[in-house]
Every structure is written in structure tokens, then in C-alpha cells.
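Visitor: What follows is the residue order along each chain.
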Amino acid sequence: MAQTREAAIVGIHEYPLRVAPGVSALQIKAASASKALEDAGLSWQDVDAVYDTGSHQNIGGLGISEYLGLNPRLIDNTSVGGTSYEFQAHHAATMIASGKASVALLTYGSTSHSDRRAIGTAGATGQGSPTPFNNMEDPWGMTLISGYGMVKARHMHQYGTTNEQFAEISVATRYHAMRNPEAVKAMTDLEFVGVNEITTQDVLDSRMIAWPLHLLECCMVSDGGGAVVIASKEVARNCKKPPVWIIGGAEATKYRENGGDITVSAGGQSGPRAFEDAGVSPSEMDVLMAYDSFSITVMCMIEDLGFCKKGEGGDYVSQGILKFDQTGGPALNTDGGGLSSNHPGERGIFLLLEATRQLRGESNSQVDNAKLAVAVGNGGQLGARHATSPTILAAD
Amino acid sequence: MTLRPQPRFPEPDTEPFWEATKKKDLVYQTCDNADCTDRVIFYPRAHCDTCGTLETTWNTSKGEGVVYTYSVVMQSRHPAFKDLGPYAVAYVDLDEGFRMMTNIVNVDNPITDIKIGMRVKVVWQEQGDGEIALPMFEPA
Numbered sequence: 001m002a003q004t005r006e007a008a009i010v011g012i013h014e015y016p017l018r019v020a021p022g023v024s025a026l027q028i029k030a031a032s033a034s035k036a037l038e039d040a041g042l043s044w045q046d047v048d049a050v051y052d053t054g055s056h057q058n059i060g061g062l063g064i065s066e067y068l069g070l071n072p073r074l075i076d077n078t079s080v081g082g083t084s085y086e087f088q089a090h091h092a093a094t095m096i097a098s099g100k101a102s103v104a105l106l107t108y109g110s111t112s113h114s115d116r117r118a119i120g121t122a123g124a125t126g127q128g129s130p131t132p133f134n135n136m137e138d139p140w141g142m143t144l145i146s147g148y149g150m151v152k153a154r155h156m157h158q159y160g161t162t163n164e165q166f167a168e169i170s171v172a173t174r175y176h177a178m179r180n181p182e183a184v185k186a187m188t189d190l191e192f193v194g195v196n197e198i199t200t201q202d203v204l205d206s207r208m209i210a211w212p213l214h215l216l217e218c219c220m221v222s223d224g225g226g227a228v229v230i231a232s233k234e235v236a237r238n239c240k241k242p243p244v245w246i247i248g249g250a251e252a253t254k255y256r257e258n259g260g261d262i263t264v265s266a267g268g269q270s271g272p273r274a275f276e277d278a279g280v281s282p283s284e285m286d287v288l289m290a291y292d293s294f295s296i297t298v299m300c301m302i303e304d305l306g307f308c309k310k311g312e313g314g315d316y317v318s319q320g321i322l323k324f325d326q327t328g329g330p331a332l333n334t335d336g337g338g339l340s341s342n343h344p345g346e347r348g349i350f351l352l353l354e355a356t357r358q359l360r361g362e363s364n365s366q367v368d369n370a371k372l373a374v375a376v377g378n379g380g381q382l383g384a385r386h387a388t389s390p391t392i393l394a395a396d
Numbered sequence: 001m002t003l004r005p006q007p008r009f010p011e012p013d014t015e016p017f018w019e020a021t022k023k024k025d026l027v028y029q030t031c032d033n034a035d036c037t038d039r040v041i042f043y044p045r046a047h048c049d050t051c052g053t054l055e056t057t058w059n060t061s062k063g064e065g066v067v068y069t070y071s072v073v074m075q076s077r078h079p080a081f082k083d084l085g086p087y088a089v090a091y092v093d094l095d096e097g098f099r100m101m102t103n104i105v106n107v108d109n110p111i112t113d114i115k116i117g118m119r120v121k122v123v124w125q126e127q128g129d130g131e132i133a134l135p136m137f138e139p140a
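Chains A and B supply the protein sequences, listed in that same order. The C-terminal position of the first sequence is numbered 396 in the working numbering, with every residue numbered one higher than the one before it. The C-terminal position of the second sequence is numbered 140 in the working numbering, with every residue numbered one higher than the one before it.
Hints listed in this document are in silico derivations from the structure and should not be mistaken for laboratory results. Just to be clear, a hint being listed does not mean it is correct.
[Unchecked claim] The calculated DSS-like cross-link candidates involving lysine-lysine, where the alpha carbons are at most 27 Å apart (straight line), are:
1. K62(B) / K310(A)
2. K241(A) / K100(A)
3. K62(B) / K24(B)
4. K115(B) / K309(A)
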């Protein structure tokens, strides 16, 4: 399929704090929207499409539009966990290309840290209306982390992938985080033990949270948020910064299946579709922003998007190619990722933000002459119901 | 000890499954459409998730299968689990063809004593007189 350049990311903002007591999720959204529109050189009332997951304030797309003071002609409330913003970018680009809107605003805000939400280790809440899957899962005490642990255990069993290989993902991500002042502040404010570069041995020596996942393979729980402005090519040409084109996207879901292969994510479906949509291949990618909720999530994204064959991700990452200053593969999570920079619960928007910074030449771990990037989100729980969506971006 | 999270009702899809556990029966559904490509339905639903057929039949499993994968929880903040010590959460593939989430119990060291692919059989953890029982699995 021929590549199209109908819609572009023209404005971005990442809320700088990861510990933000006394600030609400809505305030983080509004502050980020204001800064992202300023970054684009657009005005508040230029926004005619509002994208929102509605997951933190129970007011949905209508409420956020009222709160912001916007009268959009298009609202999209797609909410599929951490990858909601890749789904929404795909939808926004498609709707803009069809002429239904010209300036789309995506916002995210969360106070997970200040709320003391134990996202990874809390287990069932027992709240809300009962659902079939709650009734069939909650009694056994699966924590979110152990759900991902089951995928890692199966990956190690099925392909012989080692803990050292998984640790390479954490090592490369921390290498980038230490070059990002906001990530360093995040780790400091969240009282990480050792705000420094790490080795694979450090990862293996960190305590086990849910075997076989160690602490340094797990993302942080922070406050934070951000905003993305996506505009039509006509608007994009008059913005302050060079446009970063959305050239491809795709979506897929996967569930616990009788006899299914838990090591293959929904990215096995949406990855090839997204690259076909963009008319490019994984080997052309300069940057890979992959949702690093846990090391295993990144391993699955690398394989399922086709950077290497299924099951060969361990060998692929152990070549040391994931650092921004190495060749042979894409630079991984150059902002420091959810592991070491920012994870308030739904990290998908930050994948778009850092991919955009790279393609503008604005990253703290800048890949020389970066032209192409893929931001791939994974939402829900990898070992159970989840969604995976890659957004493929190109420099102007 | 705090009680584990219990299934909650009314929830019409899963209620027959949990009613059967009171008699220590592990039940699952099959779809009545002979042309369906995966007739085993799990978790319970009023329709077949493969073909959409609304006619389904309840069956009783022998309660035997293999460990598909597992993880050992070392840190849980949930009151029912936080003082339990390391415990194994697993997917077990039952011989009848359905995969269910469960715990693997009655092992000394869950990290080393459980193996992916090992045979297991159902064991019931009672939750009180006349109450549901939780199906868990132990080495066969």
C-alpha cells in the first residue's frame, strides 16, 4: 500500500513531574494540552477533535471537553489500557485524512503514585459489578506482575531465552534514562535505590517480585501525563515545528485462548499490518518505542513486530544494539521508558512523545539523522486480554 | 486469615461453574454446533466464543491436565495473600481442551518443584460449609 502523509504530530508535551502531590489528573491534562498547543503554534480553540480514555475521572469525552472548554465536532473515547493513545492516534489520523477533523487533541493525566495505587501487586479489588473474567481469575491471587511473569516463564521454556537476555532491555533503557534529566529526577523523587547506569548482573541481583520477573524488569508507578496534537497536512505546514507524519497504524487484540501460544502478543497481528500500511519494514526503523511495562513486553513486541523471528529476541537484544549510539538495530525507549522514566499506568502517549522528539532531533539520546520510528503500545495484561497497536512515524 | 476474593453474584455466565464446585465438580461447556472449529468454551459464557452459537452443553472434567505456564508471587499487597509466602499462579491445560487460571499447591518450593508441562490433578480448597470450593492443582 502506498504511504500517505495526510496527518502529522505537530505539538507535544510531557508533564515534567513524576511525583505531583496536590495536582489532579484533570489539571495535568489541561496543563499538557496548553503546552502542546503552544509547541505547535496553535490556539486552544483550533482543536476540533477530542480524544480521551475517560479512565481517571469517570467523565468521559463529554466531561473532558467541557472541562477543557472545547466544542469538538468529533469525540473518541477508545480505552484499551496502556496502548489507548496508539489506537487514538490511528483513529485521529484516519479521521483527519477523511476530512472529518483538522486538529485532534490527545491528553493523559494520572496521579497513580500520589494515590498510592499498587498497580502491580494489589490483586483483585472486589469492587464494581461482577464480570465473568473477574469471577474466573480473582480467587487465585494473580497480581498484574505475575500475569506477565507467566508469559516470561513460558518464553524461557519455549525458546530458551535467559534472564541475562531479558536484563539487556532494562540495561539499555536505564542507559538512556541517565541522559534524560526528567528521568533522573523521576528516579530520584521515587527513591530508586541507585540512580545510575545498571548491568545485567544488577538486574539479576534485584529482588524477585513475581518469579521470573525481578524488580529491575518492572516499570515504576509514577504520577504524570502529557498531550499530543495531531493535525491535517494543511494545518501542519503552518505549525512552529516540523511535522512528524503518521504514516501507518494498526490494531489488534488477543485473549487467553484454549491451546493458544501465550508468547505471541496481539502485535503478531497488528505489527505486520502497520508496516504494510506504512509501506516500510522493521529493519528501516531508527527508533523503537516499545511499551516497557516489563522486560517481557518489550521482548514480545520486538519479535511480534518482526525485528527478528519469533523466539529469537533473546539473541537479538543480547547483541547490545538497543542503545542509541549502537548500530545494527533500532534505539529502544530513548527517554528511559516506563522502567526508568515515566509510568503512571497508561504509558502509550509517552511512546508517541519520544518518537516525535527523535524525529525532530530533540531527544536527550538522539539517534543521528533519525527518519523513521515505531511507537508500539500494549494495553491490558499481556498474559490475558490485551491490545497491541503500533503507530509508525516519519520525519518530514 | 482474610478470605480470598470470592466470585460474586448475580453473574449468570459463571454461576453454574461455581454452583458445581459445591459438589467438587469441575465443569466446562461445549458448543452444540458440530461444524464449530473450537467447541470447548472457557471461561463460561452463554454463547460459543468461536462460532456464536447459543446452544451449549455443560460437561464435567476429570480434573487432570498439564501446567502450561506459571509465576510465583513473592509480593502481594492483597490482605488474603500478603502473608501467604511465595505461591504459584498458573494456567493449566485440562485434558478436555480448556485452559484455566488456578494455583499449583502442595509443593515445597514452587519455583523449582513446578515444571512447565508437568501433569497435575485438581484439589479443592473449601471456602466454608455449603460455600463454593476453589479448584487448585497439585502434582499428579
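Visitor: Does each hint fit the structure? Answer for all of them.
Guide: To see whether the hints hold, each was checked on the structure:
Taking the CA atoms of K62(B) and K310(A), the gap is near 34 Å; set against the 27 Å cutoff, the hint is violated. Among the hinted pairs, K241(A) with K100(A) is consistent with the structure: their alpha-carbon atoms are about 24 Å apart, no more than 27 Å. At roughly 11 Å between alpha-carbon atoms, K62(B) and K24(B) fall within 27 Å of each other, so this suggested pair holds. For the given pair, K115(B) sits about 26 Å from K309(A) by alpha-carbon distance, which is consistent with the 27 Å threshold.
In the structure shown, a violation is registered for the earlier hint numbered 1 alone.
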